[in-house]
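**Q** Work from the hints to combine the two standalone chains into their complex.
Listed in order, the protein sequences are those of chains A and B.
Numbering-wise (our numbering), the first sequence opens with residue 1283 and increments by one.
Numbering-wise (our numbering), the second sequence opens with residue 731 and increments by one.
By construction, these hints were calculated from the structure, which means they are not laboratory data.
Computed from a predicted structure; not experimentally measured.
The reader is advised that the hints may include incorrect statements.
[Unchecked claim] Listed next, the in silico DSS-like pairs over lysine-lysine satisfying Cα-Cα at most 30 Å (straight line):
{"no.": "1", "chain 1": "B", "residue 1": "1111", "chain 2": "A", "residue 2": "1392"}
{"no.": "2", "chain 1": "B", "residue 1": "732", "chain 2": "A", "residue 2": "1355"}
{"no.": "3", "chain 1": "B", "residue 1": "1111", "chain 2": "A", "residue 2": "1353"}
{"no.": "4", "chain 1": "B", "residue 1": "1111", "chain 2": "A", "residue 2": "1357"}
[To be verified] Among the chain B residues that face chain A by a calculated CB cut under 7 Å, a handful are:
{"no.": "5", "residue": "734"}
{"no.": "6", "residue": "735"}
{"no.": "7", "residue": "746"}
{"no.": "8", "residue": "830"}
{"no.": "9", "residue": "944"}
{"no.": "10", "residue": "948"}
{"no.": "11", "residue": "951"}
{"no.": "12", "residue": "957"}
{"no.": "13", "residue": "991"}
{"no.": "14", "residue": "992"}
{"no.": "15", "residue": "994"}
The beta carbon of each residue, even a glycine, is placed where N, CA and C say it ideally should be.
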Amino acid sequence: MKTPAISIENLVKKFEDVTAVDGVNLQVEEGELFGLIGPNGAGKTTIINVLCGLIPPTSGSCRVGGFDVQKQKSKVKDIIGVCPQETAIYPYLTGSENVELFGNLYIMNKQTLETRRAMLFEKTGLTHDAKRRAEKYSGGMKRRLSLVLSLINDPRIAFLDEPTVTMDPQSRHAVWEFIKELKTQNKTIILTTHYMEEAEELCDRVGIIDHGKLIALGSPNELISNNNAKNLEEVFIKLTGRRIREEV
Amino acid sequence: MKLQRVIGLTKKELIKTYRLPAVLFMIFLFPVVFVFAFGAAFGGAAGGQTAYLVGVVNMDQGLSPQTSQSFIDTLESAEILDIQTFTDNQTAQNELSQGRIQAVMVIPTTFSQSYQSYQTAPNNPNQWTNASVLLYLDKGSIFATQAIPPIIKQILSAFMDQTQQAIPSPVTVETASLVEVRQISTFDFWAPGMFTFASIFLIMMVAGSFTEDRENGMMKRIRITPTTPTEFMISQVLSYTVTALVQAILVFVMVYIMGFRPDVGVHVYIFAFTLVLLFSLSNIGFGLITATISKSSGAATGLAFVFVLPQLFLGTFVGASLSSAAQIAGKFVPSYYVTDALTSLFLRGAGLTSPIVLLDLAAVSISCVAILAVGIVLYAKYYKI
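So that you can see chain B by itself, here it is in the shape it has in the complex (with noise of 0.2 Å):
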């Protein structure tokens, strides 16, 4: 195999990738636009913060329920506050640490006994009964840290019926705890099958490529040179990867900037990509299958969609918004087995050797190299490369 014959090939094809308009907008122009379109409409580019979500338990046994009844219509009543009510505290805790509320207020259960006590003797803090009520707080947010406790005891001043913030009370908020929030907006639930969504318009390059060549006598041509089977096809395929490469950084710039910041390490990021590109072998597989079938150009921009729909639609994060037999029918695509590798690692937190990772990388390995050797094998037997 002769290097220079290998560059040569490798070369000529990427630069047709930015030469060619069409292409250039298939390949590169529209995963940027896609991803900028669907973070701004989806993502923490969406807009600003209308309202801040705050979680309150009531655990009040006073003698007058009533009371902590009415300090949370208080609490309802500021626009500034979504106030949302629950029974028990540890299912409070659980939305807090899944992003979808940004405090938790637990109303003590001397509330109420405490209050009277203050309107009985507003000023002999002697008889008064004190109470806490507590705050947890989402500790990756500067809005939850800064401006919900304020607003709180500003409230609950006014509730309290203090005309002057100075003058002790009772009943005073406390921070408990800041908790570790891990927020999953729509667009992050996106992002991960954003890196598979791109690739898999490789298939309809490759088999523009191939199929182009073959009508205007390139193909021909190169056969007539000592250029081996084998030195072609892995230019091919060494261009096509990197274009893949080049394709998946895009991607991950576009949603870094739209606000997809997963907490993983650099490692995992290398991962991200490997799978990626082993993915493209597939897409590369996918294009030469279509470009066997495909007479003409046209006919393999058209038919090429036959392979691209369904990996679009059954494993990327279009998926995940489908019935459960259609996303049964995902697990037969390979695009399904990327999305949720990068799905499990983003935003479930799981590890390079977790069983649900090493079970996506073997699925993808395996069929991805498959789905390329039966590519090639093909074209090769119809025509000659």
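Next comes chain A alone, as it looks inside the complex (with noise of 0.2 Å):
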């Protein structure tokens, strides 16, 4: 039997009174392209930084390329790349330094390192601006050089977090476009969105997260159809009684 990219059991994550995330289960295969959607605080971003280590669970377990999270991490890392929510980028680097930098933390060499930039600038419209300082770029191409940072050690699994928040529709369609043909090359991508359009649009399957709970999962059309909507914003209406941005 084919291992999952990403198998999460039982997950509970609490923040002293607080729960986060909520008896989650989840399985996600190889080469999937999967969407956590759910209102902002509803525990998507919890999940993400469980999967990477970066916090403990408080109770359940989580592999990641079958690996153990809290057990090996370290492999988990070399495996994975994320793209927070934040727009985390050195302002004072130039953007090919940025990269630069990171390539250097997953001990890429040289000439793979400037390969990968190349093709990545080239995939996020951001060549020309490669030697400005990442300070002077718009929100948009902020957003766009997090992503790139996030893909430069080729990642088998990917942690998007919200990647096209703020950005506007024309980088997003181009950010949907890179995001399609990750799908192509077997990558596994994690997406998180409140953008219920780009969900429909990218995922083979999304996962409603509400309250941190898992309260619906399938691929986009079968959600619509079982639960007789028109598009998944009227399924989360009608799982949840609210719209999905009322709480952004």
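**A** Next comes the structure, spelled out in structure tokens:
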């Protein structure tokens, strides 16, 4: 039997008296583009943080690429790439220097790093701005650079936490195309978003998270048809009784 | 441990140092401007010579001592000389050797007798009683060796009422010896502390840098990569140590330009730089402690002063002018031992193996490594690296 790319069993994460993730069970297959959707504060980012080994679970277990996240943290770090929700880049470095730094952190050789850097900059439209300091970039460009940093090590599994938030429609669609291309390379992608149209456009399957619980799981079409809805936004309203972006 | 990661992170941190104007000013420009300002105000570059400081010892035991006193009055009336009288030669010599005066003039026991003999028979040298005014001069001062003897001779001739200096006189001026003088200006006195002073501001830089990386998510992002805590901390310590070294070199160049030129060997400078680098470890440690207790980079800048001010006021040149109680309190800050060691080496002529210097080195080494260790442990405990 093929090992799933991600396996989550009874995951619970509590912050003092707040339960951020409440008994989530989930499996994501190799090469799948999986969307975690839900409003802000639903627990999406907490699940990503646990999967990356940034925070320990209160209970339950997680495996990424077949490795136990708590016991084999360094092996997990070698195969993942994470684009965090906040635009985490060094503003005083140029786009190129930011990428070079992260390439060094993944011990990439110079030639491979240069090839990946050129390819990723080309795909994200940053080639002409590579030598500019990141502080001079627009918000959308910073998000794209952040995405490049998360993929520089050619990860098997990529966690993209709200990668298109604050982007203009043009940049957003460019990133969508890029994510679709990643899928053709058999990468496993976990995408969190509160843009329903993004999930519908990109994801093979989605999991709807609300108040730390996984309340629905399936392909966008399955969820829409099972709930007699027009789109995922309507699915969410039917399941929770409120709009997904009311709390944004 | 992978060197590629350490070098990459170190390089990043050094780029930040010169690309961010605020950091650049605080770490490099501020010490340079500070040294320049102090040097200009209190050092050798403050201005030219206004009068030569001459100590006079009157040994005259003749029948009319008012004669020698009258000669001293004449010297005092010369604007180019600043006369200080001493009752004994030893005290005057001490003042000269410490550079507080530029020359010592000893009026001989037979001065008034010689003067009288000349006045009685100015044209009959056979009846004169000869005497020599002895001059001890600061060997290191071109002004003292070149200017003072002719000035004294000129005033003496006038006093003797000689119309022509070519005519012999029973009282002559002789240079007894050139004295090796160690002149210590206010700036010289403060210079060792300036090496210490500059490095203290690393506390603010480290605290600001760590909290900022935490705030903007970079610390988290680096934790997601395979970078180990050891690699990360080594890169940070390395980059700040390089910064401290550049700071020390800049301060050294500036104090040298401003006139601080202690007569010590290269090995003493190497030791001094090593001491400053060791001291920078404690500042990195204090910076980490500050970053641990600060919620934001803004708060870190303010809280850094909790460590900056005691180090500054109790351990650098400022400490020397404080009360005795404050000076005792200074013994509880690492900067005190760095300044003390540098002062001993540069100003007191202590050797590298002298007990005071070795004691200071031990105090700096132990305290700085301990503070750095506490900083790393605390930071790692409350904020994962």
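**Q** It remains to establish, for every hint, whether it holds in the given structure.
**A** Taking the hints in turn, this is what the structure says about them:
| no. | hint | in the structure |
| --- | --- | --- |
| 1 | 1111(B) / 1392(A) | violated (35 Å) |
| 2 | 732(B) / 1355(A) | holds (17 Å) |
| 3 | 1111(B) / 1353(A) | holds (19 Å) |
| 4 | 1111(B) / 1357(A) | holds (23 Å) |
| 5 | 734 | holds (5 Å) |
| 6 | 735 | holds (5 Å) |
| 7 | 746 | holds (5 Å) |
| 8 | 830 | violated (51 Å) |
| 9 | 944 | violated (11 Å) |
| 10 | 948 | holds (5 Å) |
| 11 | 951 | holds (4 Å) |
| 12 | 957 | holds (5 Å) |
| 13 | 991 | violated (38 Å) |
| 14 | 992 | violated (38 Å) |
| 15 | 994 | violated (39 Å) |
Consistency note: the structure conflicts with the earlier hints numbered 1, 8, 9, 13, 14, 15.
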